[in-house]
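These protein sequences, in sequence, are chains A and B. Everything in the first sequence is counted per the working numbering, starting at 1 for the first residue and increasing by one. Everything in the second sequence is counted per the working numbering, starting at 1 for the first residue and increasing by one.
Just to be clear, a hint being listed does not mean it is correct.
Which copy is meant is left open, so a pair is good if it fits within one copy or across any two.
Said to hold, decoys possible - Derived DSSO-like pairs: lysine-lysine, alpha-carbon spacing no greater than 30 Å straight-line:
no., residue 1, residue 2
1, K181, K465
2, K177, K35
3, K67, K402
4, K465, K402
5, K281, K449
6, K281, K177
7, K181, K35
8, K465, K281
9, K449, K67
10, K67, K35
11, K181, K402
None of these hints come from the bench; they were simulated from the model.
There are 2 protein chains.
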Amino acid sequence: MTELFDRHRPMLDAALAAMRTRECWSPFPETPSGKIYGDSARAEGAAAFEALMGKPFDLPGHPEARKLGAEVSPFGPELGITYPAAPVESLIAAAEAARPALASAGIEARTGICLEALARLNAMSFAMANAVMHTTGQAFAMAFQAGGPHAQDRGLEAVAMAWDEMTRFAADARWEKPQGKAAPIVLEKHWRIVPVGLSLAIGCNTFPTWNSYSGIFASLATGNPVIVKPHPAAILPLALSVRVLRAVLAEAGLPADAVLLAVDLSGAEITRDLATRPEVKLIDYTGSNTFGGWLRATATQARIFTEEAGVNTITIGGTDDFDGMCANIAFSLALYSGQMCTAPQNIYVPEAGIDTDQGHKSFDDVATGIAAAVDGLLADPARAAGVLGAIANPATVERAAKARGLGRILRDTTIDGRLASPLILAVTDGDPACDEECFGPITFVVAVKDTDTGIARAADLARRKGAITAALYDTDEERITRAIDSFAQAGVNLSINLTGNIYVNQSAAFSDFHVTGANPAGNASLTDTAFVTPRFRRVMWRRPVH
Amino acid sequence: MTELFDRHRPMLDAALAAMRTRECWSPFPETPSGKIYGDSARAEGAAAFEALMGKPFDLPGHPEARKLGAEVSPFGPELGITYPAAPVESLIAAAEAARPALASAGIEARTGICLEALARLNAMSFAMANAVMHTTGQAFAMAFQAGGPHAQDRGLEAVAMAWDEMTRFAADARWEKPQGKAAPIVLEKHWRIVPVGLSLAIGCNTFPTWNSYSGIFASLATGNPVIVKPHPAAILPLALSVRVLRAVLAEAGLPADAVLLAVDLSGAEITRDLATRPEVKLIDYTGSNTFGGWLRATATQARIFTEEAGVNTITIGGTDDFDGMCANIAFSLALYSGQMCTAPQNIYVPEAGIDTDQGHKSFDDVATGIAAAVDGLLADPARAAGVLGAIANPATVERAAKARGLGRILRDTTIDGRLASPLILAVTDGDPACDEECFGPITFVVAVKDTDTGIARAADLARRKGAITAALYDTDEERITRAIDSFAQAGVNLSINLTGNIYVNQSAAFSDFHVTGANPAGNASLTDTAFVTPRFRRVMWRRPVH
Numbered sequence: 001m002t003e004l005f006d007r008h009r010p011m012l013d014a015a016l017a018a019m020r021t022r023e024c025w026s027p028f029p030e031t032p033s034g035k036i037y038g039d040s041a042r043a044e045g046a047a048a049f050e051a052l053m054g055k056p057f058d059l060p061g062h063p064e065a066r067k068l069g070a071e072v073s074p075f076g077p078e079l080g081i082t083y084p085a086a087p088v089e090s091l092i093a094a095a096e097a098a099r100p101a102l103a104s105a106g107i108e109a110r111t112g113i114c115l116e117a118l119a120r121l122n123a124m125s126f127a128m129a130n131a132v133m134h135t136t137g138q139a140f141a142m143a144f145q146a147g148g149p150h151a152q153d154r155g156l157e158a159v160a161m162a163w164d165e166m167t168r169f170a171a172d173a174r175w176e177k178p179q180g181k182a183a184p185i186v187l188e189k190h191w192r193i194v195p196v197g198l199s200l201a202i203g204c205n206t207f208p209t210w211n212s213y214s215g216i217f218a219s220l221a222t223g224n225p226v227i228v229k230p231h232p233a234a235i236l237p238l239a240l241s242v243r244v245l246r247a248v249l250a251e252a253g254l255p256a257d258a259v260l261l262a263v264d265l266s267g268a269e270i271t272r273d274l275a276t277r278p279e280v281k282l283i284d285y286t287g288s289n290t291f292g293g294w295l296r297a298t299a300t301q302a303r304i305f306t307e308e309a310g311v312n313t314i315t316i317g318g319t320d321d322f323d324g325m326c327a328n329i330a331f332s333l334a335l336y337s338g339q340m341c342t343a344p345q346n347i348y349v350p351e352a353g354i355d356t357d358q359g360h361k362s363f364d365d366v367a368t369g370i371a372a373a374v375d376g377l378l379a380d381p382a383r384a385a386g387v388l389g390a391i392a393n394p395a396t397v398e399r400a401a402k403a404r405g406l407g408r409i410l411r412d413t414t415i416d417g418r419l420a421s422p423l424i425l426a427v428t429d430g431d432p433a434c435d436e437e438c439f440g441p442i443t444f445v446v447a448v449k450d451t452d453t454g455i456a457r458a459a460d461l462a463r464r465k466g467a468i469t470a471a472l473y474d475t476d477e478e479r480i481t482r483a484i485d486s487f488a489q490a491g492v493n494l495s496i497n498l499t500g501n502i503y504v505n506q507s508a509a510f511s512d513f514h515v516t517g518a519n520p521a522g523n524a525s526l527t528d529t530a531f532v533t534p535r536f537r538r539v540m541w542r543r544p545v546h
Numbered sequence: 001m002t003e004l005f006d007r008h009r010p011m012l013d014a015a016l017a018a019m020r021t022r023e024c025w026s027p028f029p030e031t032p033s034g035k036i037y038g039d040s041a042r043a044e045g046a047a048a049f050e051a052l053m054g055k056p057f058d059l060p061g062h063p064e065a066r067k068l069g070a071e072v073s074p075f076g077p078e079l080g081i082t083y084p085a086a087p088v089e090s091l092i093a094a095a096e097a098a099r100p101a102l103a104s105a106g107i108e109a110r111t112g113i114c115l116e117a118l119a120r121l122n123a124m125s126f127a128m129a130n131a132v133m134h135t136t137g138q139a140f141a142m143a144f145q146a147g148g149p150h151a152q153d154r155g156l157e158a159v160a161m162a163w164d165e166m167t168r169f170a171a172d173a174r175w176e177k178p179q180g181k182a183a184p185i186v187l188e189k190h191w192r193i194v195p196v197g198l199s200l201a202i203g204c205n206t207f208p209t210w211n212s213y214s215g216i217f218a219s220l221a222t223g224n225p226v227i228v229k230p231h232p233a234a235i236l237p238l239a240l241s242v243r244v245l246r247a248v249l250a251e252a253g254l255p256a257d258a259v260l261l262a263v264d265l266s267g268a269e270i271t272r273d274l275a276t277r278p279e280v281k282l283i284d285y286t287g288s289n290t291f292g293g294w295l296r297a298t299a300t301q302a303r304i305f306t307e308e309a310g311v312n313t314i315t316i317g318g319t320d321d322f323d324g325m326c327a328n329i330a331f332s333l334a335l336y337s338g339q340m341c342t343a344p345q346n347i348y349v350p351e352a353g354i355d356t357d358q359g360h361k362s363f364d365d366v367a368t369g370i371a372a373a374v375d376g377l378l379a380d381p382a383r384a385a386g387v388l389g390a391i392a393n394p395a396t397v398e399r400a401a402k403a404r405g406l407g408r409i410l411r412d413t414t415i416d417g418r419l420a421s422p423l424i425l426a427v428t429d430g431d432p433a434c435d436e437e438c439f440g441p442i443t444f445v446v447a448v449k450d451t452d453t454g455i456a457r458a459a460d461l462a463r464r465k466g467a468i469t470a471a472l473y474d475t476d477e478e479r480i481t482r483a484i485d486s487f488a489q490a491g492v493n494l495s496i497n498l499t500g501n502i503y504v505n506q507s508a509a510f511s512d513f514h515v516t517g518a519n520p521a522g523n524a525s526l527t528d529t530a531f532v533t534p535r536f537r538r539v540m541w542r543r544p545v546h
């Protein structure tokens, strides 16, 4: 049972080391290159995806009452894939039946299974890229990175954190208490890791694997069977993941039903029924604050880990690289048409403008500089398609179209079916439009009295409405220090003066904790200790040693 | 600010080492000996306690609108001490005002303050013993140990765990991402520990310091101001603790109001008002399941850590030391008249009896053996007083008196004012009387079909009603193995075949995790990682290195 563990132990150890130092590391190459993944990998991945389309998806031994599935690629085609679907009762019963064996398999066996599954998922990253692309609308390169290696990184990070925590204290001890001149009292003590129960992973439409792997792998490593409930529009990436996990479990002699797929249709979701089952003790959720709030109020039998929504901001106080700043911001706004949970929405600029390496720039200079950089980035249609991808949810297209009326248009969105480029609007400080999340390719450039006001607005918004990222461009080091304090108190990670090929949207596993848990954008952080500790308990037995 | 930290660093390091190995260790001697604490320590402690009686308690600078206090020693005298009392609004405002300074003091400064406070509390253990004795009814030796060194151990354990977790990952990193032939992307990253908010510690009557220090010190070390709300009948031990903490904080240049005392009177408690304040983000609670349930349902703005009630059990399947077993159980039943959260209540014995080193013993032989051992233990009045102590709450005396009708009396309780010795009753399996907690000196010896049935009953009860301890006496190793599995699945720590000077009631800091969190007897474990991680968050700032 520990062969898999032994095989992958070096990867685990390296992950543990990286998590401590927070230095740059990954075992899963992020470049979709034939040199790394094999010359035929790209073609084979595409072929594997094609072969899945239009057919029932095979999940050997999975509970099944009927077949469901109605995914349509944001790029056009219906996927035509149906999945085994079972009633909530059957899924719970199957997971419960798998629970004792998974619990008693032990730490090393479960860890080995998780690591092997991640290695297999890595090897199929090209097929996964196609699956993610055609369910989320991400362009291929992003679908490969975010849906493949970067998601695998998050899974590995969770496994490593779970391992570290489960093995943090001695599993056995000889406890010897002196008794003066009498013989000491000697007890042997033994601790077991006791998983808490069933785990439910509620996936999202935009990042089905990246946002779900942390919870799935953390729960599995700590011994809790996982019911994976994908978004009805993005089932395939998680179905592929579930299939890999079930295969590895079965090969290791454990019940495949320790990982289950809960498929439903849009408008007939089974999420609420699953989430409120008494057997479900852990819920990992990515989605709206509204449903997150419902879960917290209703699924009180479970520990709930969430990533919800917020309003991410950029505050501009000055720069010594105006072109670099505009280009960097433009990419952050355009990437996946603003559908990342880390994408900026509000850009605070002093109404009197800022000082730059190109001299003073007025508010409009800054705003049009960013807009022009977006235009430049998207001038080449092929490049534009590769950056923007497609809109996952048609409602986002409508929102972008409607948003045109919310301010002075600095750059109009170009909408073509499910394609939509950034809409950039100028508004004044206090405009209610920019006080809420407007999910999608919508940016407000907000005129504020001065930079400190911008920092205050951005931090206050993070505190009230949540934020996963904040960015600052400034050359005044004292103000930067004040901003660091302000954003820390608002519980939001801050990126300062990013230019070049590193973006505020990016969160690197093993180094960046994704979401702080300290503001309404989510209560869980990927992956800190608090993400794994509630998933298991320690229980002791002790007896005298004679 | 780190002088205190440097001074106590060796103690911290030793605590961290003990927590990992779970071996026997404590820096705070548990023996109330003049050789250790100084020849005059006992007399000085008594004098210090006497000097407090009948006077207003001095808490320099503490918010105060009036003075409250009506403590009466279970051993007789009214304490006549009044404490500064302030409305909830004032306490919250004072704590909020102290919050920024405590947060920005940093990890080392806060840890040093906590360690220094524990060292000072240790030095005043004799005064504390008197305070604990005359508020809880514990006999002196127990009040010294549990109220002094053992409570200090729990506090130190929480500080060490908080320290370990806050420093677990690098606070700064150089993140260098290769870019092929181009220059790498290099970011500097920095993480801050951001405390979550105000912390409320709700103390209990029976173990005011032991049960509260973990939460108080964990919150303080992680930077959260703590409002300490003692039980109205056991204020003094926590008032003394608060005074020490406030003094150390002030000496370190931090606001004393980072630790506050919330005094109220029985029947006019302010606990609910405090617990539901939006500023309160952490609640540590010891008490009934009823109020624990109310907190969970109502104080949803806070993370709640509880120790609640349960039904602890002993299952007897056989023994090779019948006298030793009976004596050990007798002490566990008699100690502090069964008012420990770890005291056994139900003893499951096969109706056909058990095999022992003294031959076969019938059900009645076993039951009367235990009853006789209690009689023997309590035969000497002075010794009896030293074991039993007094009953903290008069309702417990009434409960014991009433319980006489719940079964066949094997040993009657002797009630004399606030003194009550163990009542031991025989009941049959399934009797509803033994399906609930009967807090106090009440024991049910339950006749079950066989030992496996007893194990099943005990484990099932732990799962349904909660349990902090379980004990087993058996000589059948296969059955012991099955029992270990059963109690682990019920989430209760198991002690096997204890005889001599080690008791199921005892939980040693740095080694035993007290309460597993895995059954209804509580959701928190003293002190695992989960006890400290929700008390703070990490927030990053990052910028390019040029």
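Using 30 Å as the alpha-carbon threshold, which applies to K281 and K449: within, between, both, or neither?
Answer is neither; intra-copy 49 Å and inter-copy 34 Å both fail.
Treating 30 Å as the Cα threshold, decide for K181 and K35: within, between, both or neither.
The answer is between: 16 Å across copies meets 30 Å, while 71 Å in one copy does not.
Have a look at K67 and K35 and pick one of within, between, both or neither, based on CA distance no larger than 30 Å.
neither (39 Å within a copy, 78 Å between copies)
For K465 and K281, with the copy left unspecified, which applies at a CA distance of at most 30 Å: within, between, both, or neither?
Classified as both; 27 Å inside a copy, 18 Å across copies.
Within, between, both or neither: how does the pair K449, K67 come out at a Cα-Cα threshold of 30 Å?
Neither way: K449 and K67 sit 58 Å apart in one copy and 50 Å across, limit 30 Å.
First find the shortest C-alpha distance between K67 and K402 inside one copy, then the shortest across copies, and answer within, between, both or neither for a cut-off of 30 Å.
For K67 and K402, the Cα distance exceeds 30 Å both inside one copy (37 Å) and across copies (62 Å).
Identical-chain pair category, K465 with K402, by Cα at 30 Å:
Within one copy only: 22 Å inside, 56 Å across.
Tell me, please, which holds for K181 and K465 at an alpha-carbon limit of 30 Å: within, between, both or neither?
neither (64 Å within a copy, 42 Å between copies)
Is the C-alpha distance from K177 to K35 at most 30 Å within one copy, between copies, in both cases, or in neither?
between (61 Å within a copy, 19 Å between copies)
Indicate which option fits the pair K181, K402 if close means a Cα-Cα distance not exceeding 30 Å: within, between, both or neither.
neither (85 Å within a copy, 45 Å between copies)
Evaluate K281 and K177 at a C-alpha cut-off of 30 Å and name the case that applies: within, between, both or neither.
Neither: 38 Å inside a chain and 39 Å across chains, both beyond 30 Å.
The structure does not agree with the numbered hints 1, 3, 5, 6, 9, 10, 11 stated previously, though it agrees with the rest.
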